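There are 2 protein chains.
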Amino acid sequence: MAIVASEILTRLHSIYSAEDLIVNEDELIVYECDGYVVEKKMPEIVVFPTTAEQVVETVRLCNEFDLPFVPRGAGTSLSGGTLAVGGGVMICLTRMRQILEINERDRYAIVEPGLVNVHLTQNLKGSGFHYAPDPSSQGACTLGGNVATNSGGPHTLKYGVTVNHVLGVEFVSPTGELIQLGGPLGELNGYDLTGLFVGSEGTFGVVTKIWVRLTRDPAAYRTMLGIFETVSDATEAISGIIGAGIIPAALEMMDQGIVGALEDAFHFGFPLDAGAVLLIEVDGLDVAVDLEKQKIIELCNQHGAREVRSADTPAERQLLWKCRKQAFGAIGRLAPSYCTQDGVVPRTKLPEILDFIIQTQKEFGIRIVNVFHAGDGNIHPILLFDERDADQVKKVIAAGDAILSKCIELGGSVTGEHGIGVEKINFMDKLFTADDVNVMTDIRSAFNPKGNCSPHKILPTAGACGMEHIERDKPGRQAAM
Amino acid sequence: MAIVASEILTRLHSIYSAEDLIVNEDELIVYECDGYVVEKKMPEIVVFPTTAEQVVETVRLCNEFDLPFVPRGAGTSLSGGTLAVGGGVMICLTRMRQILEINERDRYAIVEPGLVNVHLTQNLKGSGFHYAPDPSSQGACTLGGNVATNSGGPHTLKYGVTVNHVLGVEFVSPTGELIQLGGPLGELNGYDLTGLFVGSEGTFGVVTKIWVRLTRDPAAYRTMLGIFETVSDATEAISGIIGAGIIPAALEMMDQGIVGALEDAFHFGFPLDAGAVLLIEVDGLDVAVDLEKQKIIELCNQHGAREVRSADTPAERQLLWKCRKQAFGAIGRLAPSYCTQDGVVPRTKLPEILDFIIQTQKEFGIRIVNVFHAGDGNIHPILLFDERDADQVKKVIAAGDAILSKCIELGGSVTGEHGIGVEKINFMDKLFTADDVNVMTDIRSAFNPKGNCSPHKILPTAGACGMEHIERDKPGRQAAM
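Read top to bottom, the protein sequences are chains X and R. With the first letter of the first sequence counted as 1, position 123 gets the number 122 in numbering that gives the first Met the number 0; the numbers rise by one all the way through. With the first letter of the second sequence counted as 1, position 311 gets the number 310 in numbering that gives the first Met the number 0; the numbers rise by one all the way through.
These are computed hints drawn from the structure, not numbers from a lab. The structure displayed is predicted, hence computed values, not measured ones. Take these hints with a grain of salt, some might be off.
Since the list can't tell identical chains apart, any single copy or any two copies may satisfy a pair.
Below, a list of computed lysine to aspartate or glutamate pairs in the EDC-like style, where the Cα atoms sit at most 16 Å apart [to be verified]:
{"#": "1", "residue 1": "K348", "residue 2": "D105"}
{"#": "2", "residue 1": "K348", "residue 2": "E103"}
{"#": "3", "residue 1": "K321", "residue 2": "E262"}
{"#": "4", "residue 1": "K394", "residue 2": "E362"}
The following block holds chain X by itself, in its conformation from the complex:
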């Protein structure tokens, strides 16, 4: 596409300054993949708009030159959500990162999509408010990316996922119109298109502005660490806590493998011989959380806890959360490569899926450690391997596939919060009937008639866009991983 390239480049140079445009291969390589490192595809051009108007012009240009385009935030997607399938133009939104308004009285903020998640909460410090969804990657991931994948996080057990906190979005449609859905009051009239947009993984357009709900800071926290001999005891305790009508702000499980890695990294004092550790947090009024804490300790003990510790100071609480949020970093100590899976089962099926994961380890000879949002039934088995060993790679793909298929069999599904992306696109046929997939495809076409905006995400894009390409380039490293 050399001639087109030179033409489109000239046009792009009239929209972007030189430092907001990348075409050199050695710079483009940074954008060849995201947190899902298994599949790679370089975009042909990366642009860094600073205004919505630039995004409009870019999208119109892509349509004129019949090029695919894909939005990208920080690139922390774990499912290849920002992979430039088919090449084309990547619209990187990290330079649109302003907070445009904070309205404490009506409890919303207006932000640009490239704002890093935690920066919003940091800006709210002292106001008594925060932004509730807190993905583990919140120190890096952008709010635009959170909108695309409907991100969760440890505190979404009580506070809900991104869609519960997004009141409106402004976006550039795949055909180049600037459209607003919702606003400070949310989407009250007509179809809930804001709700539909959140989680559409870039297939409905490029977000340029977001109205988010602000959440009041809780008056008090109580954070506990329940230490159990076995994973099964820990999951029974979870059912006991939720069954007692307590909704913890967070309820996270870590198994022995991950606890070992965390202890090596952070020296928190985790017991290395315990089968599982539960990180449990309640929030609310002081008296209420004291009562809930007492009840939770009782329930943990009833279900065979060896010990229940408390994080009694803010510093201890912060360290505990640092451990949990940086768990994935600590895994680097366990193996050269790892693949984080993301499955969901009804909470009552947690013991069953965890048993299955143990079996899977044995069957495939792959080590798997677990850290996950137990309260939601959202598992994150982490498959450890060495990517230089082709045999191990194959086994990891097969083991991940087996675990996800088991999730479906147990009435669950293949992603809780990481999205379908390109990674799990082949599972859609297993999850949905042909009629269901047709409805989804029709809806995508209503927004994205040519399929050139984020092609081959969530749903296959007909004919187009070189996914075959990727599979051909990397035999044996496919979507299931």
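Fit chain R to the known structure of chain X by using the hints.
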């Protein structure tokens, strides 16, 4: 359409028994309107399916004979959501009212669409669970209708509206396919079409099964009645309560006019000379609600409350809620006819819109009383008139229009929970840009390509279906009322 009618009737008789099919005009007249009594249109045929298969066959038949069709539950819509615009077949779902499953462990129930809202909660009595959304009409309205309009209710301030409690729907698409969206775990993968479906006012198809979330009963309630000299003091108290970080389970305001009518009807002991009464409920753990109650009383007093009473026994609480939920019935004592409006403003704009309503009363010489979900900024001014007086009818229409336009001006919108229906369809152009409306129309077409399913609801249906008809029949009584 006599010939077609005789053909289609024969075919319908092969699907339905005689008692599940209405064609006589004196029986059809019952279905000529819903709670929005201003516009009327008789369906040509009403059917009462008892199975999803019957719905599929009916929809296919309507497509074959090119007839419009519209689903209906209990007909409590306040916006003409079930009006048979263009005649055709009405699919009345009140005989599909079974509870198919209650799963307390995984906290969901599966119900048929014709189940009356309160019957689900009654069935759950003693289990420790209930179904949270509680529209004022909950003793009559159906869950299918709640899904169609995304119904709210007093307790949605804390617990959210219908969409937050619907995990999945099975529906017959406008082209006659039986489709399932979501399920016991909700819609985890792909687009959130369940969320999109809720609130689509019948334009995406006919619901045949619903998966709903069960909510744990709170451990304790505290219910208070704050009595204020003026509406403005009451609204300031509301801002104070919410600003203090308390989220009441319900926060309802009633003005002097409505309090008088309620007192006449129920003899609760409401003070007849107070400017406004706030009904405030908190729920949660005993100690927590005691603290919140104390704080709320303080805040009410700080904002000039004359008195704050408590409903101290379950019987008192129940009577208070009965008063609130039957407020609309009590209005019959005030005037021969009334029109309940439904607007939304940012909560901080409540004093402004209430002042405007007082002005509007004076300007148009129409009495208006107010009862509404103050915590949400969702107003329900009730315009009193005599429908036999054409001049009053005109004034009511104009006054309602003025109030809704003011809501838009204040950054709000024209419906909080009653839906657009046919009533407010002309406001869509004021609320949305042409591009926004185009996106909505495209989305509707993806589900409803011919526009024959619930025509002329939410969005105008091109050319078709005799809405002009209705306007011609009733000059001067139009959509704004």
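Self-check item: Hints violated by the structure (listed by number, smallest first)
Solution: As far as the earlier hints go, not one is violated by this structure.
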